[in-house]
Amino acid sequence: MGFFKVQRPSASLLPDEIWMTVLESGCTFPQEIFERVMLNLIKNPNVTSSHLFRADVYYDSGPDRPKYFDSGGLGERGWTRHLKPQYRPRTPGPEWKEKGYEVIRTIVREMIPRNPQLDRPLVQTCHFLQSVKEDEEINVVLYVPHVDNIADMPFYHPTVSQLAFIYTWRYVLPQAIEPAQGWIAIAYRLFDGQDMKKKLERTALRLGETIHKHGQGQLAGYEKRVHLDQIIPQKRYQDTYTRLKAKYGRQLSEKWVEVTDPGKHVFEDIGIAAFLMELWKDMYSDLPRDDDHESIVAEEAATGLSEKVPSEPRQEEEQRKEKPPFPGFVDIGCGNGILVYILIAEGYRGWGFDARQRKTWTIFPPHIQARLQQRLLVPEVLHPPTQETPEIYHSGVFESGTFIVSNHADELTPWTPLLAHLNQSAFIAIPCCSHDLSGSRFRAPAVTKTAKQHQIASETRLPQQEETPDANTTTTTATDDNTPSNGKDAQATTSKPCNPQAAETGTLKKTPGQKSMPSAYATLCSYICSLSEEVGYVPEKEVLRIPSTRNQSIIGRRRQSGGEGARQDIDGEGDGAGKRAREEEVVGVVERELGMSVQTVGGEWIARAEKLARKPGSGH
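Mapping of the sequence shown onto the UniProt record's numbering: position 385 corresponds to residue 385, and the numbering continues sequentially without gaps.
The hints are simulated quantities; they were obtained by calculation from the structure and are not laboratory data. The beta carbon of each residue, even a glycine, is placed where N, CA and C say it ideally should be. Hints are supplied without guarantee of correctness; some may be wrong.
[As the list claims (entries may be wrong)] Cβ-Cβ distance ranges computed for the label pairs, FRET-style:
| no. | residue 1 | residue 2 | range |
| --- | --- | --- | --- |
| 1 | 44 | 254 | 31 to 37 Å |
| 2 | 84 | 151 | 21 to 27 Å |
| 3 | 17 | 522 | 52 to 58 Å |
| 4 | 519 | 102 | 46 to 52 Å |
| 5 | 151 | 261 | 36 to 42 Å |
| 6 | 210 | 20 | 17 to 23 Å |
| 7 | 282 | 51 | 26 to 32 Å |
| 8 | 357 | 226 | 33 to 39 Å |
[Said to hold, decoys possible] No farther apart than 30 Å at their CA atoms in a straight line, the calculated lysine-lysine pairs in the DSS-like style are these:
| no. | residue 1 | residue 2 |
| --- | --- | --- |
| 9 | 235 | 323 |
| 10 | 541 | 449 |
| 11 | 245 | 255 |
| 12 | 359 | 43 |
Generate the whole structure from the sequences, applying the supplied hints.
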């Protein structure tokens with residue numbers, strides 16, 4: 001059902017003739033869905049405008065209208081008086097009350113543009129209004145920009161003084177033939193002397209289509225599958241990203257010497273750098289200070305805009321003292337070196353290496369180039385170094401606790417949690433292509449073999465699914481104890497569990513696993529998590545805001561410990577006996593996963609690594 005211009009009675013729902021209804025359309029989703037959709041658009045304005053990053057909410061009266069509720073009409077006597085004047089809610093006007101509407105919720109947001117050098121932020125009050133009648137319920141979401149004249153309106157916002165989304169839901173009796181019907185209208189309140197323009201009509205159409213699409217999608221049962229900002233808050237990440245982008249984006253793009261697209265690689269690494277810097281703030285002390293961040297925090301504390309209560313700065317200082325010092329970082333498979341360059345330039349101690357030198361390394365200052373090395377990672381557990389070991393080999397043994405970064409490192413990705421375990425380090429792995437622990441391409445399973453065995457052992461099976469021994473089947477127990485048998489013979493004579501069939505389970509329905517086969521990338525990420533768990537980490541997953549479809553990250557910053565569900569931070573400490581125990585643990589994982597000795601794996605690994613080193617370097 002499309003939006004169209006009509007002259008419906010919805011014009012009578014508006015408070016005065018200054019308002020102009022632009023577009024209207026019918027809908028079938030109820031009022032609860034309309035409110036959810038509008039709340040999502042208020043908190044995420046980037047859904048309707050690509051020029052916006054997000055919205056920072058400074059005031060929200062809440063859906064339950066607490067006692068201190070203030071929609072802005074109380075002025076200096078209101079609960080919002082602690083806010084600076086420009087952040088206090090603007091009233092919807094007495095005309096709405098005269099029309100029978102009641103304010104049920106008020107939100108003040110500031111829309112943050114992607115490029116603050118081109119567009120400025122805009123503060124806006126969003127009111128939820130409601131009017132309940134005998135046969136219908138009318139809900140209005142009213143946008144009131146904190147702008148007094150049209151010249152001050154940013155490019156990304158319609159040039160109107162107010163904007164209203166009107167939702168009407170007609171009640172019908174149970175015996176009525178006609179179904180319940182909803183109706184959406186979009187109306188503008190123009191500035192004095194302003195005329196309606198085609199651009200405003202197009203904007204209204206785009207907004208209406210978005211609301212209709214999201215509402216009908218939720219009615220059909222749509223559920224969001226990807227959840228962002230689970231570890232680092234969106235505001236912190238985007239503020240840091242914006243600063244790094246302005247500082248490094250243009251200069252790196254202009255100096256790009258690879259044949260690949262700088263727009264992808266440069267801004268992808270800027271995004272990863274921003275995430276790491278914010279992650280490290282939560283993990284370590286004695287980090288480089290960001291003067292811009294400190295000035296923003298000071299301003300917010302002085303104006304009352306900070307979300308923190310006065311006692312929190314002292315608590316943060318105490319928590320900072322409890323955190324371990326930053327141990328430095330190493331970027332294994334660093335590729336073009338941009339990530340290493342940005343982090344070092346921002347004051348973080350670290351280095352990176354790759355099997356192949358990149359042309360991009362030459363554009364960096366000499367002190368950065370000295371921190372980028374051409375090395376082949378040959379884990380010590382695969383090939384203990386000797387005097388004859390080539391200098392280009394690196395054993396994977398770093399300074400204890402060094403934070404390990406693995407960004408699209410392909411062959412090194414599954415080794416990332418194992419290397420972190422050996423070095424008592426925290427890590428981040430951002431998988432790309434799937435390789436096993438010998439460096440060979442393969443489709444990764446969702447879990448390791450050990451985890452799979454635990455899953456099978458814990459599965460509840462129906463009686464008819466249990467394997468019954470066949471009298472005609474010769475098993476290993478019936479063979480002569482003195483008769484040798486190889487692995488293949490043993491495998492052939494060992495009973496295999498049968499797969500449950502429809503007749504056995506009594507249903508033709510597909511299992512959840514049969515309904516949707518996960519992608520190769522999804523199973524690779526799950527496999528890295530499973531490897532992490534096998535060596536004692538509690539993996540955390542975060543979908544990064546970077547321009548890449550390979551944007552899933554696995555973070556290992558906490559260890560499993562002691563009792564059920566207990567966790568402890570990585571401390572980077574361990575004695576010689578502990579080191580040997582960790583090496584034996586990693587060797588066991590490698591041999592179980594590949595079904596061959598660690599010496600054989602080491603030979604294959606070295607052969608592939610040396611072959612890789614002879615290839616020319618690419619953009620990443």
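Each hint tested on the structure:
1. 44 with 254: 31 to 37 Å: 33 Å, holds
2. 84 with 151: 21 to 27 Å: 23 Å, holds
3. 17 with 522: 52 to 58 Å: Between residue 17 and residue 522, where Cβ atoms are some 56 Å apart, the hint holds.
4. 519 with 102: 46 to 52 Å: With a Cβ separation near 49 Å, residue 519 and residue 102 satisfy 46 to 52 Å, so the hint holds.
5. 151 with 261: 36 to 42 Å: For residue 151 and residue 261 the Cβ distance comes to about 38 Å; the hint holds.
6. 210 with 20: 17 to 23 Å: 20 Å, holds
7. 282 with 51: 26 to 32 Å: Given about 30 Å between the Cβ atoms, the range holds.
8. 357 with 226: 33 to 39 Å: 36 Å, holds
9. 235 with 323: Satisfied, since the Cα-Cα distance of roughly 23 Å is no more than 30 Å.
10. 541 with 449: 21 Å, holds
11. 245 with 255: Distance of about 15 Å is within 30 Å: holds.
12. 359 with 43: Distance ~43 Å between residue 359 and residue 43 Cα, so the pair is violated.
Violated hint for the displayed structure: number 12, the only one.
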